[in-house]
Amino acid sequence: MASDVPQQTSLPLGGQIRSILIALGFKPRTAVILVPYLWLTIFFVVPCIIILKISFAQTVIAQPPYTPMFGPESVPHDQLFDNFKRLFQDSLYYKAYLNSLNLAFFSTLICLLIGYPMAYGIARCSPSTRALLLLAIILPFWTSFLIRVYAWKSILSKEGVVNDLLLGLGIIDEPLLILYTPAAMYIGVVYTYLPFMILPLYANLEKMDLSLLEAAADLGCRPLKAFCVITIPLSLPGIIAGALLVFIPAVGEYVIPELLGGPNALMIGKVVADEFFQNRDWPMASAVAVAILIILVIPIMAFQYFQGKAQEAPK
Amino acid sequence: MNKRLSWFVLLMLVLGFAFLYGPIVVLVSYSFNDNKLMTLWGGFSTRWYPILLQDEAVLTAAKNSFIIAAVSATFATVQGTMAGYVLARYRKFHGRVAFSGMVTAPLVMPEVITGLSLLLLFKQLDDVIGWPDRMGFTTVILAHITFSMSYVTVVMQSRFSVFDMSLEEAALDLGARPLKTFLLITLPIVAPAVVSGWLLAFTISLDDLVITLYTNGPGSGTLPQLIFSKVRRGVDPTINALATLIITLVASGVITSHILMTRSEKRRQRDIQLALQINK
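Chains U and F supply the protein sequences, listed in that same order. Just so we're aligned, residue 51 is where the first sequence starts under my numbering, counting upward by one. Just so we're aligned, residue 379 is where the second sequence starts under my numbering, counting upward by one.
Read the hints as simulated data drawn from the structure, not as lab findings. Note that the structure is a prediction, hence the values are computed from the model and not measured. Incorrect hints may appear among the rest.
[Said to hold, decoys possible] Each computed BS3-like pair below joins lysine-lysine, with the alpha-carbon atoms no more than 27 Å apart:
1) U:Lys208 to F:Lys470
2) U:Lys359 to F:Lys470
3) U:Lys103 to U:Lys135
[As the list claims (entries may be wrong)] Some, not all, of what chain U presents toward chain F, calculated at C-beta under 10 Å:
4) Ile92
5) Pro97
6) Gly171
7) Thr193
8) Ile197
9) Lys203
10) Gly210
11) Tyr230
12) Val240
13) Ile248
14) Ile289
15) Ile290
16) Leu294
17) Phe326
18) Asn329
19) Trp332
Where is the CB? At the ideal position from N, CA and C, for every residue including glycine.
Let the sequences and hints guide you as you build the complete structure.
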C-alpha cells in the first residue's frame with residue numbers, strides 16, 4: 051500500500067509537517083478517504099435527514115415556515131404522521147403516485163421490448179461496428195435531455211411531423227391529438243430512457259458464451275426455444291439493471307410531464323414542486339418526497355446490490 | 379443463426395436508431411426553417427442564428443451555465459478521482475460499505491428529491507449560521523458537484539481497478555514518495571479517464587434542470603432554465619437554433635472523449651503486447 055513506504059530524507063518544512071501529521075495518526079490515506087466522505091455526508095446524508103425531519107412538521111407562517119422538531123411549538127405526538135396520512139386520504143396525492151408508477155412501469159416495459167433486440171443486435175456485430183453503434187446509443191443520451199424532450203413537442207403537435215405523415219399517407223382524416231395526452235408522456239419517457247436500458251443489456255449480452263447456443267442447436271433445440279431458455283435467463287442481470295435504471299428516475303420525472311403531458315398531467319414530481327414553490331408548504335412537499343423514496347427504496351437497494359456485485363467482480 | 383431472427387433484430391436496430399435520431403434531425407432542420415410557424419416549411423434560412431446570438435438573456439444564461447459547469451466539473455473531478463481511488467484501492471477501511479453506498483446513491487436518487495433536500499439544507503444552514511443567505515451560483519455549484527462527482531467516481535473506480543500496480547511499486551521501490559508517485563506515475567496514466575470524467579461532469583452539469591430549479595436563485599439562471607421557461611409557453615424558432623448549437627457542441631465533446639479513450643486503450647494494449655514480446 052502507498053503509505054507503507056520507508057521514510058525518505060526530505061525538505062525540512064514539508065517533512066516536518068508530514069511527520070507531525072503522521073505522529074497525530076493522520077495518514078495521507080485518511081485524508082484521501084475523508085475529503086469525499088465528509089462532502090457526501092454534508093451534502094447527501096444531512097439533506098436526507100433534514101427532509102425527513104421536516105416531513106413530520108406542520109406548516110406555520112413564520113421563518114422557517116414549519117414547526118420546530120422540539121420545544122413547546124413542536125408537533126404533538128399524535129399528529130406526527132398527519133402529512134403521511136394525507137397522502138392516503140387526499141386523492142390528489144395517491145392518484146399522482148399511481149399515475150407516476152403507471153408511467154414508470156409501462157415505459158420500462160416498452161423500453162425493454164425495444165431495447166432488448168437492439169442490445170442483442172449490437173452485441174452480435176463485429177467489434178468495430180459495435181463500438182460505433184454503442185457511441186451512437188450514448189450520443190443522444192448526452193445531447194441535452196431538455197432539448198430532446200422539446201423536440202417531441204413540435205413533432206407531436208397538431209401540425210407536427212407525425213400528423214403530417216399520417217394525413218399524407220391517408221391513414222387518418224383529421225389530425226390526432228397526441229401532445230398533452232398520456233401517450234405523449236410515454237413516448238417522451240421511453241425516448242429519454244431507452245439508452246439506460248440498452249447499455250446494461252448490451253454489457254450483459256456481449257459477455258454471453260455463444261457456445262451454449264451452439265450446443266443447444268447441436269442437440270436439436272430450435273433457435274427460438276434456445277433464445278427463451280438460454281439467452282433470456284442468462285441476461286436476467288442485464289434486464290434487471292436496465293429496468294431499474296429506467297424505472298427509478300421515471301417515477302420522479304418532472305420535466306417530461308410538464309412539457310408533453312400538458313397542464314392536467316398529475317405526476318408526483320410535479321406535486322412536490324407545486325407544494326414547495328406554489329403552496330409554500332415545506333412539510334407537505336417533504337412528506338411527498340419522502341414517500342417517493344420509501345416506494346423506491348427497494349428498487350434502489352436492488353440496484354445498489356447488483357451494481358456492487360458488478361463492480362467487485364474480477365475483470 | 380436463424381435467418382428470420384437476424385432479420386427481425388436488424389429491423390429493430392434500424393427502427394430503434396431512427397427513433398433515437400429522428401427527433402434530433404427534425405429539430406436541427408427546423409432551425410433552418412425560414413417560417414416562424416415552425417411546422418410549415420418556409421425555405422432554408424439561417425436567420426434565427428443571428429437573432430439568437432444577439433439575445434442578451436440567452437448569452438447571459440449561457441455564460442452562467444458555463445461558469446457553473448466548469449467550476450463544478452473541476453471540483454467533482456478532484457473529489458470523484460479521490461473517491462474512485464479509495465474504492466478501487468482501499469479494500470478494507472472503517473465505513474467502506476457506507477462510503478460506497480453514499481457514492482452510488484446520488485446516481486439513482488430521483489432528481490426531485492436531491493433538489494428539494496439540498497434546498498432545504500441550504501435554508502437550514504442559512505437559519506443556523508447565516509449562510510448562504512440566498513440561492514445563487516454558490517448553491518448551484520455545490521449541488522452540481524455533489525451529484526456529478528458520483529459519475530466521475532464510477533469512471534475513475536473502473537479505471538483504477540484495471541491499473542497496473544507494478545508501475546507504482548517500481549517508483550516506490552526506487553524511493554519516490556507516495557504523493558510524487560501519484561502525481562508523476564499514476565495521474566499521467568489515468569489522465570484520459572480524468573479528462574473524460576471531467577467532460578462527463580461538465581455535460582451533466584450543463585444539462586441539469588431539475589436540481590438547478592430547486593437550488594438556483596435570481597441572477598444566475600442557467601440555459602436549461604431559460605429554455606424551459608420559454609418552451610413551456612410554446613415553441614420558439616430561436617430555441618431550435620440554440621438546440622442545434624448545443625447538440626453540435628455536446629456531440630463533439632462526447633466524440634472527442636471517445637476518441638481519447640479508444641486511443642489510450644489501444645496504446646495500452648500495444649504496450650502490453652510489446653512488453654510480452656520482449657519478455658519472451
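So, going through the hints one by one against the coordinates:
Annotation: proposed proximity of Lys208 of chain U to Lys470 of chain F is violated, straight-line Cα distance about 60 Å (limit 27 Å). Note on Lys359 of chain U and Lys470 of chain F: the hinted pairing holds, with a Cα-Cα distance of about 16 Å set against a maximum of 27 Å. A distance of roughly 16 Å separates the Cα atoms of Lys103 of chain U and Lys135 of chain U; the hinted pair therefore holds under the 27 Å criterion. The interface hint given for Ile92 of chain U holds, since its Cβ lies 8 Å from the closest Cβ of chain F, which is under the 10 Å cut-off.
A least Cβ separation of about 4 Å between Pro97 of chain U and chain F falls short of the 10 Å threshold, and the interface hint therefore holds. Interface hint at Gly171 of chain U: satisfied, since its Cβ lies 4 Å from the closest Cβ of chain F, which is below the 10 Å cut-off. Using the Cβ-Cβ criterion of 10 Å, the hint placing Thr193 of chain U at the interface with chain F is satisfied: the shortest such distance is roughly 5 Å. At its closest, the beta carbon of Ile197 of chain U sits 4 Å from a beta carbon of chain F; the interface hint therefore holds under the 10 Å criterion.
Taking 10 Å as the C-beta cut-off, the interface hint given for Lys203 of chain U holds, the closest approach to chain F being about 6 Å. Using the Cβ-Cβ criterion of 10 Å, the hint placing Gly210 of chain U at the interface with chain F is satisfied: the shortest such distance is roughly 6 Å. Of the supplied interface hints, the one on Tyr230 of chain U is violated, with its beta-carbon coming no nearer than about 12 Å to a beta-carbon of chain F, more than 10 Å. At its closest, the beta carbon of Val240 of chain U sits 9 Å from a beta carbon of chain F; the interface hint therefore holds under the 10 Å criterion.
Look at Ile248 of chain U: its Cβ gets to within about 8 Å of chain F, closer than 10 Å, so that hint holds up. For Ile289 of chain U, the shortest C-beta to C-beta distance to chain F is roughly 16 Å, which exceeds 10 Å, and the interface hint is violated. Interface hint status for Ile290 of chain U: violated, as the beta-carbon distance to the closest one in chain F is roughly 13 Å, over 10 Å. A least Cβ separation of about 8 Å between Leu294 of chain U and chain F falls short of the 10 Å threshold, and the interface hint therefore holds.
For the restraint placing Phe326 of chain U at the interface with chain F, the shortest Cβ-Cβ distance is roughly 6 Å, inside the 10 Å limit, so the hint holds. A cut of 10 Å between beta carbons decides the hint on Asn329 of chain U: the least distance to chain F is about 14 Å, and the hint is violated. At a threshold of 10 Å, the smallest CB-CB gap from Trp332 of chain U to chain F is about 7 Å, leaving the interface hint in force.
Of the hints listed earlier, those the structure fails to meet are numbers 1, 11, 14, 15, 18, in rising order.
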